[in-house]
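**Q** Sequence:
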Amino acid sequence: MAESTPTSSSPSSAPLSAGLKVGYKLATESFDPKEVVRQAVAAERAGFDFVEMSDHYHPWLESQGHSGFTFAMLGSIAAKTERIGLVTGVTCPSYRYHPAIVAQAAATLQILSDGRFTLGVGAGERLNEHVIGEPAFRGVHERHERFREALEIIRLLWQGGYRSYSGKHLQLEDARVFDLPEQLPVIAVAGSGPASAKLAADLGDGLFGTEPDASFISDWKGRGGSGPVYGEVPLAWANTEGEAVDAVLEKSRWALTGWKVMAELPNPVNFDAASAFVTKADVAGQFACGPDLAKHVANGQQFVDAGYDHLVAQNAGPDPDGFLEFAASELIPAFRALTPSSS
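Under full-length UniProt numbering, the first residue of the sequence shown carries the number 1, and numbering increases by one thereafter.
For the record, the hints were derived by calculation from the structure and aren't laboratory data.
There could be a bad hint or two in this list.
To be verified - With a straight-line cut-off of 20 Å between C-alpha atoms, the simulated SDA-like cross-links for lysine to any residue are: (1) K34 / G322; (2) K260 / S192; (3) K221 / K280; (4) K280 / T257.
Generate coordinates for the entire structure from the input sequences, incorporating the hints supplied.
**A** Below you can see the structure in the form of structure tokens.
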């Protein structure tokens, strides 16, 4: 499928240091772009190892009210920070973006951040990818075919030189990414089943997951997968449990609809309807809510036991600055101290 020969040697993917890492999920759908950048700078001061950002066109719910352009915000964050890692969680490189654009954007961001960028990628959600109209956002099998082709194109372009590619779904003609970093970004592939485990093992440098499912990680490793494993830990910090639960119901109840719903609905109004029957009990069953450190640590422990080594604090609470203070003094040290349970 590929043509041409690289005109320069291919950079290698950037290595990540050993040990459990703790990140902060920036709620790009709940805050305007300048506030997202401010929180990223504050997260570095608080001691987080990395920040993760979704890459959406729409918010999940109308009540969230925002959805800035992630790569622009990441560029601003790179300029305003010094050490914190930057991660997309996750970018779909096969519909709204052509993979050639993602390859160029990720390479540029890796240069601007001095090697701090990780490209998290996934097969996408209709919420964001349907906006271009064509091609249609089809069934799971075709999405995975397109996703594989997209990753092959990104890998091809990162080899350097002029490149062409002729796939079933995606094409590339005489394209070259002129500015390649000395170390390429790590590509972490999101998924939840055998097909995505194989794709991640074949073309990724790491894994992204949202559930503490040890079998998924084991499957990925059994297929030859290796590298960092990112897991989003659902929590909502507030001064009281009730405040935290109410905040989740207002802006984050979409997270309880399940992946089959999250991947398929086209607009925020549909998620409003689908999540209208989520109760406070439902929220408390999935999110660690309130100020109790032990609850949050217990949630994190499930992910560590499943095999995750990068824990992402996905805070759905109403007070980001209060959470960052809590994280600096209590949560980050507690998460870093976690080890797999002996059982």
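**Q** Which of the stated hints cannot be reconciled with the structure, identified by number in ascending sequence?
**A** When the structure is compared with the hints, only number 3 turns out to be violated.
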